[in-house]
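Protein chains: 2
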Amino acid sequence: MPAVIGLDFGTESVRALLLDAARGEVIGAAARAYADGVIDRALPDSDDPLPPEWALQNPGDWLLSMTDAVSTLLSDTGYPPDEVVGLGVDFTSCTILPVSESGRPLCAAPAWKSNPHAWPKLWKHHAAQPQADRINRVASDAGESWLPRYGGRISSEWLLPKALEILENAPDVYESADLIIEGADWIVWQLTGVLVRNSCAAGYKALWHAGEGYPGERFLSSLDPRLSDLYSTRLAGDILPPGHRAGPLLPEWRQRMGLSGDVIVASAIIDAHAAAIGGGSSVAGDLFMIMGTSTCHMLLGETEQPVPGIAGVVRDGIIAGLFGYEAGQAASGDSLAWFVDNCTPGSYSREAARLGVSVHQYLSELASELRPGGAGLLALDWLNGNRSTLVDAELSGLILGITLGTRPEAIYRALIESTAFGTRVIIDAFENAGLPIANIRAGGSLAGNQVAAQIYADVLGREILVVDSPEVSARGAAILGAAAAGLFNSVSAAAAALGTRIARTFVPRSQTHDAFHSLFLEYAELYDYFGRGSNPVMKTLRRLMRPADQ
Amino acid sequence: MPAVIGLDFGTESVRALLLDAARGEVIGAAARAYADGVIDRALPDSDDPLPPEWALQNPGDWLLSMTDAVSTLLSDTGYPPDEVVGLGVDFTSCTILPVSESGRPLCAAPAWKSNPHAWPKLWKHHAAQPQADRINRVASDAGESWLPRYGGRISSEWLLPKALEILENAPDVYESADLIIEGADWIVWQLTGVLVRNSCAAGYKALWHAGEGYPGERFLSSLDPRLSDLYSTRLAGDILPPGHRAGPLLPEWRQRMGLSGDVIVASAIIDAHAAAIGGGSSVAGDLFMIMGTSTCHMLLGETEQPVPGIAGVVRDGIIAGLFGYEAGQAASGDSLAWFVDNCTPGSYSREAARLGVSVHQYLSELASELRPGGAGLLALDWLNGNRSTLVDAELSGLILGITLGTRPEAIYRALIESTAFGTRVIIDAFENAGLPIANIRAGGSLAGNQVAAQIYADVLGREILVVDSPEVSARGAAILGAAAAGLFNSVSAAAAALGTRIARTFVPRSQTHDAFHSLFLEYAELYDYFGRGSNPVMKTLRRLMRPADQ
Chain L
1 MPAVIGLDFG TESVRALLLD AARGEVIGAA ARAYADGVID RALPDSDDPL PPEWALQNPG
61 DWLLSMTDAV STLLSDTGYP PDEVVGLGVD FTSCTILPVS ESGRPLCAAP AWKSNPHAWP
121 KLWKHHAAQP QADRINRVAS DAGESWLPRY GGRISSEWLL PKALEILENA PDVYESADLI
181 IEGADWIVWQ LTGVLVRNSC AAGYKALWHA GEGYPGERFL SSLDPRLSDL YSTRLAGDIL
241 PPGHRAGPLL PEWRQRMGLS GDVIVASAII DAHAAAIGGG SSVAGDLFMI MGTSTCHMLL
301 GETEQPVPGI AGVVRDGIIA GLFGYEAGQA ASGDSLAWFV DNCTPGSYSR EAARLGVSVH
361 QYLSELASEL RPGGAGLLAL DWLNGNRSTL VDAELSGLIL GITLGTRPEA IYRALIESTA
421 FGTRVIIDAF ENAGLPIANI RAGGSLAGNQ VAAQIYADVL GREILVVDSP EVSARGAAIL
481 GAAAAGLFNS VSAAAAALGT RIARTFVPRS QTHDAFHSLF LEYAELYDYF GRGSNPVMKT
541 LRRLMRPADQ
Chain D
1 MPAVIGLDFG TESVRALLLD AARGEVIGAA ARAYADGVID RALPDSDDPL PPEWALQNPG
61 DWLLSMTDAV STLLSDTGYP PDEVVGLGVD FTSCTILPVS ESGRPLCAAP AWKSNPHAWP
121 KLWKHHAAQP QADRINRVAS DAGESWLPRY GGRISSEWLL PKALEILENA PDVYESADLI
181 IEGADWIVWQ LTGVLVRNSC AAGYKALWHA GEGYPGERFL SSLDPRLSDL YSTRLAGDIL
241 PPGHRAGPLL PEWRQRMGLS GDVIVASAII DAHAAAIGGG SSVAGDLFMI MGTSTCHMLL
301 GETEQPVPGI AGVVRDGIIA GLFGYEAGQA ASGDSLAWFV DNCTPGSYSR EAARLGVSVH
361 QYLSELASEL RPGGAGLLAL DWLNGNRSTL VDAELSGLIL GITLGTRPEA IYRALIESTA
421 FGTRVIIDAF ENAGLPIANI RAGGSLAGNQ VAAQIYADVL GREILVVDSP EVSARGAAIL
481 GAAAAGLFNS VSAAAAALGT RIARTFVPRS QTHDAFHSLF LEYAELYDYF GRGSNPVMKT
541 LRRLMRPADQ
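From first to last, the protein sequence lines stand for chains L and D.
Residues in the first sequence are numbered consecutively from 1, following this note's numbering.
Residues in the second sequence are numbered consecutively from 1, following this note's numbering.
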């Protein structure tokens, strides 16, 4: 029975999943942490502290952890190695590294290994904010046609700011880098010897468009003349939709991993977008929400529509032939973790321990006994800024309605509700732009909180199909492998067949939805008041935080 | 050497203070809790639960605890009993009880003791809110001239709503009550056999005015025809400014308490206002802030000015011949207590315990290391509504600027800052009305928090003179006793001589004041936006809390 492997390269570890390619059942899984983890204090073998906002990784870790995970997976499951026919890769993004023409990371060369700019910059490396600010200003002034596709503003996490950061701060590294490449594409290159880039990362993180290509050289020159050939030289390489055939797995990797037959490697995808495929998104109207520390909303559409404040729309970004829309909330589960870490009294922690449940579970159960509005609280979910639809990292969280009788579980619930309201704003923006949403699937740790999932259903007034999700990104990667190996006619067909099952459906209750609607109207008014400039107090507070203003 | 006794009747206990009447030094103090405490679950010897919002007391407790406290005080100090020449009383207010012509509490009569309306209603009995709402509506519609003196709105805690509550819910109790009287005046009556009412409680809580008297019968009739003679019959009795001579202590009380010489008992005062006198307020321009669970601001002025949103102005209300202005914040220390009880993580409690300090002290020390605006937070201090200048119990608290990096001490500090901003609004209202403020004294537990006191000085840009305050209300009562006994020409002179010393002066730092001023402007904008109707979300949330709306 044919099987496929999905490799999910995360922030701390890589997970390998072996999937039965006929029925979509998991045969086994294995994970391996990266030895150097997230490099945010000092380079390996160095005591020189890295500046704040830096986050790097070691590409050697990726290969070692991957090899170890796959060989362990095969030996643990005892699955016949020659029945593995496809392999797909998903990766965090934008995680980019400078490499030589042959694909050797600069950081692996003795001449460069002590220069932090030669190392892979992880998605959450935030030191390129000044570059992002300048790019946004210049692009906006020049009326660049690609800017509206990204909600009018690009993030410091993306490729162009990170590349410009290298150029400005380490021009020698920039000059010596033949190519700058996503970690995802670099892995595929290592596994196949073929350089292909995936249209998901290129589209969402590198400003590429299936029709228009990359931004023009004139724009790059206006940022810095030395940057003008960035796209034509350092980003060279064919761009393929995720799940196309990149090439067969090289024999040396077959041997290291313990595989024996022909294994076709697929063009890669970003991890969040892999989750949409793993979650079964396959046709226009499918919305997938991956609800973890933050939330990413991925919608498949037939047409390209401008959606104000949405992070990106990319043709072939998720499923070839469809437009992939991506929106996000910069904090969701993270807000609840913040609350548990900073605002939960010792008596609650002790009671949770006594009951043998997590503090989250204890608070959730108490919160489930409240009704919408019952505790008189309303929150804005901007504890990490607003990613969609305001695209403003300087916004911040708010809790309103506090009285001397306000209990911790009421605040916890208000924070959950606020993230559900934020999701409703995004869904409304999609629909108002003419993009129908046929169904909503959700995965991730926050979707696994049943109290939260029911609140989302009630707030949205829609069914929430919570998928069985522990390895949903890796499953998406495996599905790409199945499509690339020719087991299905398309990624869409593979996703429909092998997407994970629905673990539980949360059905909206109309009376509760009505009650939430009243609260949502209040949320929406505060959203506009604080988010759209009527009262810029949140930005003023950020400014006052900086000592220079004192 | 002559000495005087101050009796401070609080919510849970009575405190007796023996004060050297020459130098103002404390000779001794004793406190006794009330056996029945606050009666808010069921009447003594009854299992019938009281409704929510109810709070009663047992007048027998007052007498027993008072007698025990004074006799203990005298025996413990060994002070010559015949040198005690005066006695003053302060009391919570509005705490009222229905009594017979002879002063016997109805609740002490077998016929009435099982009727809760026959018992003293404590200041914080809040069940008369419907009556207060109706009184406010009717008075506003009729353009009653007394209404502006109370900021345009009276509280459910005051005499008229409580009396109307008795009439409407227990007309037989109302009919059988010859008089309705403040606890303070009832104590003085018991001690002297003379019925006098104090102009402080009459003015602040019963709508009496030195020039105009009480509201007219027509207004009372419009509320309920049976109420028309409330003032002329049930509130009969001369009204004296605090610290006038009510009469000598009756021999039976001298004996019970262990006193021997002539002791002159003074007309009484409300406890908060006693604190102003105990704190040394004696001339126009003196502002005293009693900062405990809530904050009360008492300002002496030469003239009667309307101050929008201020709780009351009463001639002779504190010091005879001056106008006493009272404003307040419904929660100050209570907000911090709420935070410690509900939002402080176990790790903080454990660290405080390890250091041997209170959680408040631990948080305060961490908070003191932050600078104004340094944590990016701003709060509205309305966790128990806004008493001044908005006079709106339905407003609620707000915390804005929360991020995933927000620490508990930053929220704690923001709550302190918000109460200081609220005080600044009140001070600005006084000054804008043409009432000069010459100095600010402060007492109470929150003033004893040095971090808070410095924040107040910096926010207000004024010196804060923190008085030595553990018994400042009882000291004020004792000062009234000294004045009534003729040891001074006036209460003002007695207060100037015997007011407590300044324990510490907090001096504003101009740079910090400037930084706070920027934050205050943001506070003021939110204050108006949420407090004056631009966005009534806080009231909407209160409405949505009530199940009937679901």
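Hints listed in this document are in silico derivations from the structure and should not be mistaken for laboratory results.
Glycine is no exception: its CB is placed at the ideal position from the N, C-alpha and C atoms.
Incorrect hints may appear among the rest.
As the list claims (entries may be wrong) - Just so you have them, the derived chain D footprint on chain L, three or more residues with Cβ under 8 Å:
1. 135–148
2. 378–389
3. 398–411
As the list claims (entries may be wrong) - Far from chain D, some chain L residues (derived; all Cβ distances over 10 Å):
4. L195
5. R424
6. M545
Numbers of unmet hints, in rising order = Numbers 1, 6, in rising order.
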